[in-house]
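Visitor: Listed here are the chains, written in short residue letters.
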Amino acid sequence: MHIMEGFLPSPWWQIWWLISIPIVIYGIYKVTKLTKKMPEIKPLLAIVGAFVFVISALKLPSLVAGSSSHPTGTGFSAILFGPSITGAISVIVLVFQALLLAHGGITTLGANIFSMGIAGPAIGFAIWKISKKAGIMPMIGVFAATAIADLMTYVITAFQLGLAFPDNGSVFTAFSTFLGIYAFTQIPLAIAEGFFAVLLFSLLSKYKGSILQKLGILKIPTTTNIKKEVKT
Amino acid sequence: MSHSDLYAEVDKSAYTNALAKNSPITKTFFALSALLISVSASTFDVPGVVSFIVPIVVFIICTSLTLGLAKVKTHLYLDLFAYPTFMLILSCIVLALLFGSGTPLIEIPLPWTTWTIFKSGISMSINTFLRVESALSCLFFLVLTTSITDLCVLLRRIHIPQVMVEMSMLIYRYIFLFLEISKTMTLAQKLRLKRSGWLSSIRSLAMLAGSLFIRTLDQGERTLTAMNARGYDGEIRILDDFPSTRKTTLLGIVIFDILLITLILVTTNMGVVL
Chain Y
1 MHIMEGFLPS PWWQIWWLIS IPIVIYGIYK VTKLTKKMPE IKPLLAIVGA
51 FVFVISALKL PSLVAGSSSH PTGTGFSAIL FGPSITGAIS VIVLVFQALL
101 LAHGGITTLG ANIFSMGIAG PAIGFAIWKI SKKAGIMPMI GVFAATAIAD
151 LMTYVITAFQ LGLAFPDNGS VFTAFSTFLG IYAFTQIPLA IAEGFFAVLL
201 FSLLSKYKGS ILQKLGILKI PTTTNIKKEV KT
Chain D
1 MSHSDLYAEV DKSAYTNALA KNSPITKTFF ALSALLISVS ASTFDVPGVV
51 SFIVPIVVFI ICTSLTLGLA KVKTHLYLDL FAYPTFMLIL SCIVLALLFG
101 SGTPLIEIPL PWTTWTIFKS GISMSINTFL RVESALSCLF FLVLTTSITD
151 LCVLLRRIHI PQVMVEMSML IYRYIFLFLE ISKTMTLAQK LRLKRSGWLS
201 SIRSLAMLAG SLFIRTLDQG ERTLTAMNAR GYDGEIRILD DFPSTRKTTL
251 LGIVIFDILL ITLILVTTNM GVVL
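If you're matching them up, the sequences are chains Y and D in order.
1 is the number of the first residue of the first sequence in the numbering used here; add one for each residue after it.
1 is the number of the first residue of the second sequence in the numbering used here; add one for each residue after it.
Since the hints were derived computationally from the structure, they do not count as laboratory data.
Beta carbons are placed, not taken as given, at the ideal position from N, Cα and C, and that holds for glycine.
Accuracy of the hints is not assured; some may be wrong.
Output of the computed footprint for chain D on chain Y, the stretches with three or more beta carbons under 8 Å from beta carbons of chain D [to be verified]: (1) 24 to 35; (2) 71 to 77; (3) 82 to 93; (4) 110 to 118; (5) 122 to 132; (6) 188 to 194.
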């Protein structure tokens, strides 16, 4: 989904930069707060960043707009840390990908941050929260959240490209053309990413449950928890 | 060349090229200003006109600086360009054939509709191709000559929040850790015949990915403990010993940028008319 360096003409790349910056600043503020509160969370944050880097570099070429199809990994990060922190992490990841792999770019960074780091994860996070409220099994919630976050990222990218390259003056036709080309590769990839996230989540809750508990994602029956429940 | 080798090569080049000892401020300033100006030139694109002068000038200057002055290996430079160019060509074909408006170039009757290829679609596609290639050459100049550590120090100098700089460095380290561990584990699985069939190789891949995450996390926690034991107080200190920035070079870059802007303004409306 990364739009290539220089692919978006003016004024679109500037506009996406302007939209993304305030959200990223809020994300940085949240990261600062979280790491001050729990310094031990830093390795997990960095690993999730490295994970997003590696997983979103596994790309299939897509016919669209200097772009490719790949899993995003940001849905999983949103479940762990919430969408704003994911936004801040994805800035770092996208800069590294632009610099080291020529995957994405500096001018198109704003647009890429918005689709992969902000909009996709925010929607995934909303789904995760709703499924948690509704009392659905966490694994199903994780699957839905990550798969839909991945798909939404591509819907947003198609929209960005449609705005920049309107077909015969119509943004909507261009949007549906781009979306149609993406759908071929992205729907199976999103499902695969969903399964993969479920696997990771189950492993994490098995071996690193204490961290998930600290982040307030899972409640694991430990002696302290049971004691608290007994008291109340 | 596989991906992991490629970015290890890029990283190596950033430390070993002929410009490695020059001030990162100069290199970053040059690359980013050239990038922003050349990409912004697209504001003046006219439908149906291929404006090729600015992107080609930028491309030639950046490429000759990278290969001539920084003495980066040519095959590495070409390898870096290969993949993005391949994708770019695919996308530009789509743009040329499906997009555009105004004067039609060819109309192909199909049983259910007429497929029109527009002049503006073709010019948009060629302009995009040129713009992307010139932007990539600026970006590659930066990465191939400046190391990520230098860029992190630079980020700190321009007062990017401490925690972001630190996370960048940790993520950068963990990317390589990730790749290292995955290489070892893939080898171990192969030795134990875990990749013998299609089904078993899928299962092995899932196992690899899961335990990779846990193992990297463990390693990360150990690193943090080690750092804490050495008096880590929430700030990774790196030696900030940039070579001094020569004022004349900076002035030269500013003049270059002004010339580039003038060139853009002068060559508006100039180009090949389709």
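Visitor: Under 8 Å between beta-carbons, do enough residues of the segment 122 to 132 of chain Y, three at least, approach chain D for the coverage claim to hold?
Guide: Violated, because only 0 residues of the segment 122 to 132 of chain Y bring their Cβ atoms closer than 8 Å to Cβ atoms of chain D.
Visitor: Within the segment 71 to 77 of chain Y, is the number of residues with a Cβ closer than 8 Å to a Cβ of chain D three or more?
Guide: It is violated, with 0 qualifying residues against the three required.
Visitor: Are there at least three residues in the segment 82 to 93 of chain Y whose beta carbon sits under 8 Å from a beta carbon of chain D?
Guide: holds (count 5)
Visitor: In terms of beta carbon proximity below 8 Å, does the segment 24 to 35 of chain Y have 3 or more residues touching chain D?
Guide: Holds: 4 residues of the segment 24 to 35 of chain Y have a Cβ under 8 Å from chain D.
Visitor: So is the segment 110 to 118 of chain Y in contact with chain D by the C-beta rule, three or more residues under 8 Å, or is the coverage claim wrong?
Guide: violated (count 0)
Visitor: Count residues of the segment 188 to 194 of chain Y with a Cβ under 8 Å from any Cβ of chain D, then say if the count reaches three.
Guide: violated (count 0)
In this structure, the hints that do not hold are numbers 2, 4, 5 and 6, in rising order.
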